[in-house]
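Chemist: Count the sequence shown with the UniProt record's numbering and you get residues 1 to 236, in order.
You may find that some hints are simply not true.
Calculated pairs, DMTMM-like style, for lysine to aspartate or glutamate (alpha carbon to alpha carbon, straight line, at most 25 Å) [claimed, not checked]: (1) Lys150 <-> Asp166; (2) Lys150 <-> Asp162; (3) Lys94 <-> Asp50; (4) Lys94 <-> Glu181; (5) Lys229 <-> Asp191.
Calculated from the structure, these hints are not laboratory results.
Note that this is a predicted model, so its numbers are computed, not measured.
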Amino acid sequence: MDNFQIETAQNVRIEQDAAGVGERILAFLIDSLIIAAYSIATLYILGSIDLPDDMVWVFILSIGLPILLYHLLWESLWNGRSPGKAAMQLRVVKLDGSRPAFSNFLLRWLLRFIDVSISSGAVALVTILMNGRGQRLGDIAATTTVISEKQTGNLGRTLLMDLPEDYQPKYPQVTVFTDREIQTIKNVLNDSRANRNYNIIHQLSERVATVMEITPQEKAVDFLTTVIKDYNYYTQ
């Protein structure tokens, strides 16, 4: 698993783990099994129905279209994940760590036919191994990569906070973040406070608020502290 740095829009550098080739292959195999199961089930169901000759297109589209659009739809609608990626705790993100736009997902999906389909995965494998950022050809074109969200060391424990029994969360939107993202927010906040770098705290607060699509009223430090507490509340 390669480790590389991503630079956010606020020029904050974050260490990130690129998904390993083995993890991506396993995710691909899981997705392939799901596609195969869907194909068999659809063939069985539609095969038991006596369709008129002029309705054959329904049969073809019912099988072909979901298979063709499987990765594009899952990743664009499920925040960079497919069932296979979710099982392996992988996610597609932009190189600055932000969520890709639909155009990014579309471009990497279009190039998937070269990366994976036509070359049987050879192009993707070589590109990922040589790139160092976990990028296949489609990722390079779309400025995306696939990261591993598996917790390392005591990441989960360092996130835990003791909250009062009557604690009332303020921002349910915090669930859009992952453990690793909240840990990064916590680390940047603590380091910036220790170094009295309040400009970074303000920029981080703005970025977090943008992702959550809210306009906080409290000070940046208080807002970020509340975000961390609320995340603990909703995920414990």
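Chemist: Next, verify each hint and record whether it holds.
Modeler: Status of each hint after checking the structure:
1. Lys150 <-> Asp166: violated (31 Å)
2. Lys150 <-> Asp162: OK: Lys150 and Asp162 at ~23 Å, within 25 Å.
3. Lys94 <-> Asp50: Given pair Lys94, Asp50 is violated - Cα atoms ~47 Å apart, limit 25 Å.
4. Lys94 <-> Glu181: At roughly 14 Å apart (the allowed maximum being 25 Å), Glu181 and Lys94 satisfy the hint.
5. Lys229 <-> Asp191: Holds - the C-alpha atoms of Asp191 and Lys229 are around 18 Å apart, at most 25 Å.
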